Amino acid sequence: MTKSFTLDGRIIPFEDGETIIEAAAAAGVYIPHLCHHPDYTPHGSCKLCSVKVNGRICSACTFPAEEDQEIVSESGEINADRKRITQMLFVEGNHLCPGCEKSGNCQLQAVAYHLNMVDNHFPHFFAKRELDASHPDVLIDHNRCIFCELCVRASREKDGKNVFDIGGRGINKRLIVNAPTGLLKDSDLEVTDEAAHICPTGAILIKRTGYLIPIGQRQFDQQPIDKVSLTTGQGGHEQ
Amino acid sequence: MEEIITKISQRYDHDPVNLLQILRIIQAEYHHIPDAAIEQLAKLLSIPRTHILAVAEFYSFLHLAPRGRYELLVSDSITDRMLGKQDVMAYLAQQLKVPIGGTRDDGAVSLDNTSCTGLCDQGPAGLINGLPLTRLNKSRIDVIVDLINQDKPLAEWPRELFAVADNIRKPGLLLNNGIPLGEALKSAFVRGLPETLEEINRSGLRGRGGAGYATGWKWHLCYEGPEEEAYCDIETQRQLQRYVICNADEGEPGTFKDRVLLNSYAHQVFEGMTVCAAITGATQGFLYLRGEYLFLYDKLQTILAGRRQAGLLGSHILGQDFNFDIEIHLGAGAYICGEESALIESLEGKPGIPRNRPPYPVTRGYLGKPTVVNNVETFFAATAIAVNGGEWFAKIGTEKSKGTKILSISGDCARPGIYEYPFGTAIQTILDDCGASDVLGVQVGGPSGAFISDQEFGRKLAFEDMATGGSFMIFNNSRNILDIVRNFSHFFAHESCGFCTPCRVGTSLLKNQLDKIIEGHGSAGDVAALEEICQLVKKYSHCGLGQTAANPVLSTLERYPEIYQSKLKKISYEPGFDLDGALESARRMAKRSDKAAHLAQIDEHHD
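Here the protein sequences line up with chains A and B, keeping their order.
Reminder that position 156 of the first sequence reads as 156 in our numbering, one-by-one numbering, no gaps.
Reminder that position 442 of the second sequence reads as 442 in our numbering, one-by-one numbering, no gaps.
The hints are simulated quantities; they were obtained by calculation from the structure and are not laboratory data.
You may find that some hints are simply not true.
Listing some non-contacts, in silico: residues in chain A with all C-beta distances to chain B over 10 Å [as the list claims (entries may be wrong)]:
id : residue
1  : 59
2  : 92
3  : 133
4  : 168
5  : 169
6  : 172
7  : 173
8  : 230
EDC-like mimics (lysine to aspartate or glutamate), calculated; alpha carbons at most 16 Å apart, straight line [claimed, not checked]:
id : chain 1 : residue 1 : chain 2 : residue 2
9  : B       : 538       : A       : 226
10 : B       : 369       : B       : 532
11 : A       : 83        : B       : 532
12 : B       : 539       : A       : 186
This one's a predicted model, so the numbers in the text were calculated from it and none came from an experiment.
Ideal placement from N, C-alpha and C gives every residue a C-beta, glycine not left out.
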């Protein structure tokens, strides 16, 4: 007999060892997320996938599925709070969608739309962040980094390199590059690396590709993120 | 330098789990972590340089830019402030001619703030190159400034400057009945190990760090190990690697009882760890000592050596088929490492970022192996229970909180120091004993605990009522509640590890929002906005730090809403953005500072 739990009143089957988000995705149920990606070790940092498991808040991307769990995901309360957490990410960095070439392909932006976010709500931090355009093919705009560590994990787990890590503490966290100069051009990163393509926002971009697809015809212009996520098995894919 | 770095790395077997220990020594040697050292270590330890950078940038006591040959830090904890910390800091800066947060041009001295140093009973306190300076005042500072200007090595400074008193004011069941060397281990072997675990269970002992998890049950789970290994035979079971860790990262502002236990009862703490190891089958133990307690390090090493000599550590302890030893690892200024999984990460030489749970440390802890992490006081009590039995302990206290609790009392009272009380003691009794009068309120359990008002002093010390890891800070009616809350909120924003969004961004939003209100820029709706941030941080944060970071605001907002409201302006909205401040760089470029170059954000008289 297959094991199952209840998610917003639906019976969701799962296999031993699966997390809540994995079982939900397999059953065609979208739970908002940014730091989660099915190909990589669960992280549990963005907290957008927070759900109520038997009354207690848990991250769906790290919490193991178990029988008899009563899980609430799509409640007014949780979605309102998810919107606030997304707004925290927006005010922490400098996210200016109209001027960003990732617009329309950006998961942060798409999740914000999904959660009906229409303003930033909190005061901006106006953080001073750098731009690293040193690499011939790849650009880092630190203004848009949300510390999901997907590039860190992709470089380590898929590319077999250690190009990225996170330095600093608290609100002063920063993405750091493994090079004596700290610059991307002096690192081992190649444009074909998974780490160069995994960024859910516009923090890591491939040069000279930004406008190949016009705004209006991009991934999330055509389909909202909940649909895209379920068809691609992840938040979205690089175009 | 290359030779020195190689030697340091060699001392630690070029093992990356020792990275934090290695970096501490490099910092002490060069007063920063030089780039060349990072490059060299990356090769010696075979790890990416980014990993070293991540560790160096995470811990407050490590720096990438050079600090002074005398690194001077002053505790910015609220009780130090109440003892005159701000005057002390200003005087130090003036006499040493160094800006706060900066290094003097000649490289001799740097001066900065630090989180609570665990010397709240003898503040204002500070650290110089990691060693404690207590009861700072003008005359002591004059001596210190002279010594620094003479470039005198710390070893030649008057010992009296570094004297740390125990201040045990009221010993109770445990502090009055110290256990002689080896007694608990002998009792445990005579009684039998499973039977001794049963005594620990019977005692009802719960974790003394604050969370209160049942100690016996934790030890039992560690012995069982992960589910997939539960069915192997007893012999294989015995061979599995397990670890015992003593959490001496006593970072909660206002608590210093572990400092005293390790200074005067260290044998009994180590013996508790050894009893735990015998019961769980661990062969390796660690004392994770907060960096602020560096002054205890040599003394503790001597005690460990003595225990090895006495056959109480090492191989075949007391002639039994039982091997166990204890290593001391030092922290480097990160409150978050008091969280057990962050502590384990730190022990593994990484930034102290709490892990996702499950799995819990009892099944997957240090290096992925079953690990017991207990507070200093828990091991201290366990030793006494192993000798005297569970009943001896359980007959004291309340139904859900057995035995006694050791409190660190600081703030507005005549006799700050260490007090031991049976659980169930009323707050008023404690206030009377330490000589506190005209009391406004008490912060029980430190910033992560709760602020109670003078209407609640009938409440009891107990897990089911006022739980505390030991911090007990008293405030009299001359104190301003908002100053206290502000100090705590800045503390949490500073100590947030930054892993999860709600804590990383939320604690800073909270800090800024509170500052806005306190500085008189708040308007209608700003208190509600503050409360909204608090609820988000509390509800969605990854670990205990974030989940409790809003407590100072929430517990005072509940009791004194009028204090917050009275700070608000009567206009309907005031932006969080400082328009005039944003024009500063333009004024600088235009070399103007006249009135017309300033902008009144909102006409103050407009309401």
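Results of checking the hints against the structure:
At the 10 Å boundary, the C-beta of residue 59 of chain A falls inside the reach of chain B, the nearest C-beta of that chain being 7 Å off. Annotated as non-interface, residue 92 of chain A brings its C-beta within 10 Å of a C-beta of chain B; the closest such distance is 5 Å. Every CB of chain B lies more than 10 Å from the CB of residue 133 of chain A, the least distance being 20 Å, so the non-interface label holds. The Cβ of residue 168 of chain A does not lie farther than 10 Å from every Cβ of chain B; its closest approach is about 5 Å, which violates its non-interface assignment.
With a minimum CB-CB distance of about 5 Å to chain B, residue 169 of chain A fails to clear the 10 Å threshold, and the non-interface call is violated. With a cut of 10 Å on Cβ distances, residue 172 of chain A falls inside the contact zone with chain B, its closest approach being about 7 Å. The Cβ of residue 173 of chain A does not lie farther than 10 Å from every Cβ of chain B; its closest approach is about 4 Å, which violates its non-interface assignment. Residue-level check passed: residue 230 of chain A sits 24 Å from the nearest beta carbon of chain B, beyond 10 Å.
Taken as a hint, the residue 538 of chain B and residue 226 of chain A pair is broken in the structure, with Cα atoms around 27 Å apart against an allowance of 16 Å. Between residue 369 of chain B and residue 532 of chain B the alpha-carbon distance is near 40 Å, which puts this suggested pair outside the 16 Å criterion. In summary, the hint linking residue 83 of chain A to residue 532 of chain B is supported, as the alpha carbons are separated by about 13 Å, within the 16 Å threshold. With a C-alpha separation of about 42 Å, the suggested pair residue 539 of chain B and residue 186 of chain A falls outside the 16 Å cut-off, and the hint is violated.
The earlier numbered hints that this structure contradicts are 1, 2, 4, 5, 6, 7, 9, 10, 12.
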